[in-house]
Amino acid sequence: MRTRHLAIGLVTMLALLAVIGPLVTGDPYAAGLDGARLSAPSWQHLLGTDQFGRDVLARLGHGARLSLGIATIAIGIAACLGLLLGVVAGGTHGPVAAILSRGIDLALALPRVVVLLVLVAVLGTLGPIGLGLILGATGWPTIARLTRGEAQAIRHAPHVTAARALGATPFRRLMREVLPGTLPPVMVAATLGVADVLLLEAGLSFLGIGIRPPTPTWGGMLLEAQPYLASAPWLLLAPAVALITATAAATIGGDVLRSRFRMAQE
Amino acid sequence: MPCCPATARMASWVVRRLAGAVLVSIIGIAVLVALVHLLPGDPLTAIVGDRALDPASRRVMEHDLGIGRPLPVVLMSFFRDALQGDLGHSLAERRPVTAILADRLGPTMLLGGLTLLIDFTLGVLLGVWSALHPRTRAARLLDSLTLATYTVPGFVIGLVLIWGFAVHWQWFPPALIADPLLPTDASTWTVLIDRLKHLVLPVTTMVLATIAVPLRQQRSAIVGTMSQPWVTAARARGVATRRVIWQHLWRPALTPVISLLGLWLPMVVAGAVFVETVFAYPGIGALLANATAQRDIPVVIGAGVVLVVVVQLGSLVADVLYRIVDPVQREPV
Amino acid sequence: MNPVRSLRPAVVTVLLAVPTLVAQAPAGTLVMGLRQEPTAPIPYLGPPTTGNADVTDQLFLRLATLGPTARTTGDRAMVPELASRWSRVDATTVDFTLDPRAHWQDGTPVTADDVVFTWNLIHSPELGVDLTALALIRSVTATRTGEIRVRFTEPSSEQVYTAGFLLQPLPAHLLARMPASGIASSDFARSPIGNGPFRFERRVPGQSLELRADPSFFLGMPGLKRLVFLYIPSTDAQVNALLAGQTDVMSDVPATALGRIEKQGNYRFVTAPGNFVTYVLFNARSPGNPRLAHPILSDSLTRRALALSVDRAAIARQAFGPGVQTPRAVRSQAWFWVGGAMDAGRADTARARAAFRAAGWVDHDGDGILDRDGVPLRLGIIYPVQSSVFSAIAVQLQQMWRMMGVQLDLEPIDGPVWVERRRTGRFDIDIAGANQDPSPSSLAQSWSCTSAERAGSSNVGHWCDPEFDRLRDRAPTLPDPISGFRAAFTRMAAWQPAIVAAAPANRIAVHQRFEHVIVRPSKAWTSLWQWRVRADAMLPRDR
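Chains A, B and C supply the protein sequences, listed in that same order.
The first sequence begins at 67 in the numbering used here and counts up by one.
The second sequence begins at 21 in the numbering used here and counts up by one.
The third sequence begins at 334 in the numbering used here and counts up by one.
It is possible that part of the hints are untrue.
[To be verified] Listed next, the in silico DSSO-like pairs over lysine-lysine satisfying Cα-Cα at most 30 Å (straight line):
no. : chain 1 : residue 1 : chain 2 : residue 2
1   : C       : Lys596    : C       : Lys856
2   : B       : Lys217    : C       : Lys558
3   : B       : Lys217    : C       : Lys596
4   : C       : Lys558    : C       : Lys856
Hints are computed from structural coordinates only; laboratory data are not their basis.
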C-alpha cells in the first residue's frame, strides 16, 4: 500500500532528523562573521544562515528533537485526556456526564493565553517536558468536545444497543463499542494538531514562557523569520517545510492507523 | 398547546440545556476573574508603562482602580456591577469596557461569520467530494494544498496575499476595516464596497488557514460511514449512489462537523489574532491579546466574558443541531 | 544689578517668516500609521505612549519650543510658541509673556491662569506625573499684568526650556471644576480642545483619529488640511500600508524594510537625530535585596571588562541598520548639540581579557566559564520578550560574552512582568530603551544618587555616582554648559553603569508629494503643520 510506505518514509526521515540531526549538522549557536549573516543557501550553509549568521540547517536539526518531542507529549496528553473525558461525557447518561459536559464547555471558554500565563507564574520556569505537559493539559478541551459529540451519536447506534441487550457492562460498552467509534474525528483533530502545537509553542515564547532563546525550535524559527520574509525567505521556508512534513507524516500515519484499526475491527 | 410530545420533549430539553449553559457561564466568568486576578506582572503597565511612579502616586492609583483587593471582594463587586451591565473602565483608554467590546464585536463577527460560512459550506462540500473521489489527482492536490495552507502559519499566508494583492497590484487595502478618508456622507453603496474590499484579504487568509479541518473531518466521516454494513446493503439493493449519499450518508456524517461548528465560534472570535495583527484588524482577538500584554485587567475580563458566552452559545447550538440531525437521539432512552 | 533683559531670540524672525510662505488655504491630507493607539492625546492625562504624544503635539503647544538644533541651554536657544517673549527678572525668576493671539480652539484666549492651573494639576497623585524634570521649579504664578512668573530654586541656563517646554498648558476654563481623577474619562478627554495648529475632529476607536487644520491658528495658516492617524500596531503591517499607499509617512523605518521602500520609489527618506537609546543596564544592587551591593556587577573593573567584550557596532547595525551610533554614555542622537567624540563601538577583546584577569576572573576549573573564589561569572539578563530588537541584542550579547568565558542566561519575559522585575530590582542585567527628553539634565531621573534612594524611581539599577551627579547638575549653571555636559558624559562612560547598545537615527519615509518637509530632532512632528502637498502632485484624498 503506497500511503503506508509514504508514512513510514516520512516518519523515519523525521526520526532520523531528530536523532542524528544534532550530531551531524554542526553548531546551531555558532555565529558567523559579519559577512555570513542572512546569507542565501550555499554549499557551505545548505539552508543559508539567519540574522545572526547561524547555520539554518544546524538549527533545524537541533530544533527537531525539541519540537517533535514537545508536540508528541502535548498531542498525546491532549488526545488521551480529551478522549477519556469526551467518551464519558457523551457516551453515558446521568449527572457525571452532565457535569463533565459542562466542564468541557467551561475549559473551552477560558482564554488559553491567560491560563498559560497564570500556570507558568505558579509553576515557574518550565523545561521542554514541562512545556509539553502544560500544552497538553490545556489542549484537551477541543478533542473532548469532538469526542463527546461523536459519542452521543454512537451511544444510540444499533451495535451499541445490541451490546446492551446482550448484557455487556456499561464500562465494557463504553470502551469496546463507543470509544472506537469516536476515534476518526479525534484522529483528524490530533494529527492536524501537530502544526498547532508547534506554532503554539513558538507563540508561547512570545509570552516569555516557551523554550528560551537561543535554543532552536521550529516554531521559534518560523516566528523569528517573520521580519526577514521579504529579504531572506529561506529563513522561513526551511522550518515551514519541516513543519508541513511533520503534519503530513502525522495525518498520513493517522490514516494508516485508522484503516488498520478498521480492518482489525471487521 | 404542544403539537406533539416530541416537540414538547425537545422544548423542555432545550430549557434545561439553556439553564445549564447560563450556570456554566457564571462559573466560567468567576474562574476567569480569578485567573486574571492571579496574572503576574505590574497591574499599572497599561497606564504608566515602565515609567517611574513614586510610591504615593502608585498607592493612590492602585486604590482608585481597585487593584490589590482580595479575590472575594473583586468577585463580588464584579458580579454586582456586571448585573447592571457595567464591566468597568479600560485602564488604557478610560472608556467603558462595554463600549470597547461593542466597537470590536462587529468586525469580529463579520470576519468570523464569513470565515465560518465559507469553511462550512465550501469545506464540507469539498470534503464530501473528495470522499467520493478518493485517489484522484484533483483530490490529492486539494489535500496537499489545504494541508500546506493549514500548516504554514497564518501570518505568512496573510503577508504573501498582502504583497501580491495590496502592495503589488493594489487591488485591496492591506490594513484596517474601513477607509478613514471616506467622506461621512458617502452613499451606503460606496461604504459597502469599501467594507467588502477591506474584508477580502483577511477572510481569504482565515479560510485558507482553517478550511483543512472541516474538509478533513467531513471526508473522514463520509469514508467511515460508507464502510458501514447498512450503506453497503443499500448499495447492494441497487439504490443509486447519489441517493445513498443523500439518504444514508449525509446525516450521520454530519456529527463531527456539528461538533466542529460549536468549536469554531470561539476559534474565530479569539483565534484570529494573527490575522488581526497582520491586517491591523480591530477585532476581539487582538484586543484580548493586547490587553493581556498590557494588563488592562477590565478589558481582559470583558473580552474573556464574550468568549465564555460565545463558547456556551456554540456548544448549545451544536447540541440542538445534534438532536435535529440525528433522529435516534430524540427517541426516549 | 539685574536689568530686565528682553531675550527674544534672533531665530524667531527666520521661523516667523515661514507662515507667509503658506498663506494660502490648507490643502492636502497626511496619513500616518501609529504603533500605539492614541487613546487620549492630552498632555499628562493619557497613558504616556508615543501614540498619544505624537497626536498631542499637534493639538497642544508649549510656551516655548526647541530651535532647529534642539539645544536646551541658554534663554535664546528656545523659540516662542504660546509665549511671544520671556524676560529674566533675576537669576532664578523668568517672566513669560503670552502671545495675545494665542487662543484655545473654542475661542477663549490662553491665559496665565491656564499655566498656573496646569502646574497645580500635575501635582495630583491621581495623575502619577513624573515631576523629576520640573524639580527646579519653585513656583508658577500669574503676575498682575497677566504674565507667567516662574521661580526656580537655583540658577540654570535651562530655565526657559524647563518652564517653557516641559510645561504644556491645559485649558483651565474647561477643566478647573473637575476632580483630577475624573478628567481622564471626561468628555474633554474624548474630544480634546487644544490650542495648536490642528483641532480634534474624530476618533474611531481601534482604527483611526482625524485632526483638521485650524485656520485661525495664531502662528500661521497650517499647510495641510487634515491629518489622519491610523492605528497599525505591527511594524510589518505599517510597512505594507506604506507600500500600498494607505499611509504617507512612517517613522523609525526598520532596517529590514529599507530596500523594499527605496525600490518602490514613491517615498524619500528624511533622517533626524532620534531621541531613542537602547542600553544594557547593570544592577548595582543584589537582585531582590537592594540593600546589598551586587556580588559581581558592583565591581567597576568587571563592568569595564564586560563592556569591552561587546562589539556594539555589530549589534547596533544588526538592529537598526545604517545611521546608528554607539556612544559610550547613555545619550541619544537628539543630544548631538552637546558634541563630544563618538565611539566606533568595536570590541577590544585583548583589553577585555586583561580587565577580567585584573578583576580576578580566571577559568580555574577549566569549564570554559571564568570564576573567582569558586563563583562562576554567570549572569542573567531580563528583557521584554515582545521586543524583537531587545531579543536580538540579548542573543548577540550571549554569543559575544560566551567567547570571553562569561555565561549569560537569557530570560525573555512578558512585558508587565518585566516592568515588575525592573521595579523591584530582581535582575542582574536588563535591556532597556528610553525616549530621552531634550535635555541631558533629564539623566537625573534614572542615573542620580537621589533617584537611587527614592522608591519607585526609574533608577532601577540603583546607580549612584556623586561625581557624575556633580558634573551633570553643574553643567547648566556654567558659562559654557555644553562642555559641562560633555564632561558629565565622559564621566558616565568611565563609570559604566550600562553598555549603550545603540542610539539610532529617526529614519522617516515621506511620500514624494510633500514639500517643505521639516522634521525636528527630539520631537519629530512638531513642525508638521508647515508641511505642504505639491499642487501638481495631489492625490484624490488631498482634495
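Numbered hints the structure breaks, given as an ascending list: none
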